[in-house]
Amino acid sequence: MISRLVPIGVFLLLGVLLAVGLKIADHKEDLPSPLIGKPMPAFSLPLLDREEVIVDSGTLLGQPMLINFWASWCVTCRVEHPIIEDLARSGAIRIVGMNFRDEPADAKAWLQRFGNPYDMIISDRSGRTSIDFGVYAAPESFLVDAGGTIVFKQLGALTPEVIEQEILPRIGNQGSVAR
Amino acid sequence: MNLITKTVAVLFLAVLAATTAMSQEPPVFDNLEQELRFAELTAELRCTVCQNQNLADSDAPLAQDLRHEIHEMILAGRSDDEIKTFLVERYGDFVLYLPPVQGNTLALWAVPLVLLLGGAVAVFFVVRNRNRKLAQQRQAGNG
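Protein sequence lines correspond, in order, to chains A and B.
Each residue of the first sequence is one higher than the last, beginning at 0 in numbering that gives the first Met the number 0.
Each residue of the second sequence is one higher than the last, beginning at 0 in numbering that gives the first Met the number 0.
These are computed hints drawn from the structure, not numbers from a lab.
Treat the hints with caution; some may be incorrect.
[What the hints assert, rightly or not] Sample of chain A residues facing chain B (criterion: CB under 8 Å; computed from the structure):
| no. | residue |
| --- | --- |
| 1 | R100 |
| 2 | P103 |
| 3 | A136 |
Please read these numbers as outputs of a predicted model, since none were measured by experiment.
Note that beta-carbon positions come from the ideal geometry of N, C-alpha and C, so glycine has one too.
Using the sequences provided together with the hints, build the complete structure.
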């Protein structure tokens, strides 16, 4: 009797394992960042348009910001671009562009062609800071609160849904939507 | 005709030479031990952009940068654990092809062992039952 039930039990167990595996596979792209809840990595990098101005990460704190890693070679960044423009227009949050592993001339030409929605663009030409942020690919965006803690990371292009559901609720009333 | 084939061959060799020169700049180390450690580390760390390749095999810009970082850390005298921690702090456990034994990976490590033990136990009982039956049959046959 029992020996007849064993294969059924094993079969059910395998079924459960497969179902769980498929469920996990669905979310394979949501790689959790170990940086969430931690202070943002420190950096000291020049502005893209004025290389003589060095921005220290500490001076950026005090209000929440969205750090958007982008590059002129990144095709998805073009798809994301109008969404960032909309967010910038709403004035909900300060948007810092992090142009990484890119030629400044290419980056500037890209901005001229598509428009510049950023409050400030920092140039991480070597990509060293992008490694500190654990950036896999472009685009990636980090939501940093006023105290400098990373509270959310978007892997890949931002979407209106992500902005609505993940970003705006996390900045609460701190970001002045008025304007 | 012959000229065209020759030209194509020369062009092909030129491109081949150029690409291998670009992609393979062997990192310079102080000694063989460092070089071996570099080879081992880059083989067991995942290239996060091209998820089914390790850092040693990948030509993605990120993999090149990470190899460069690892190279510098080895020259700076950092240990293997320190280098792995550096990467895990930034990219998560996902960069390790060999995941650490910890709470959320316990099932991953335990299941094969449990299956192996379960199989051994099952084989033991099946064999014992069969032996008993054979013995009974023999007795019945003799009797």
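Hint check results:
Given hint, A:R100 at the interface with chain B, holds; its Cβ is 6 Å from that chain's nearest Cβ, closer than 8 Å. Checking A:P103 against chain B: minimum C-beta separation of about 17 Å lies over 8 Å; hint violated. At its closest, the beta carbon of A:A136 sits 5 Å from a beta carbon of chain B; the interface hint therefore holds under the 8 Å criterion.
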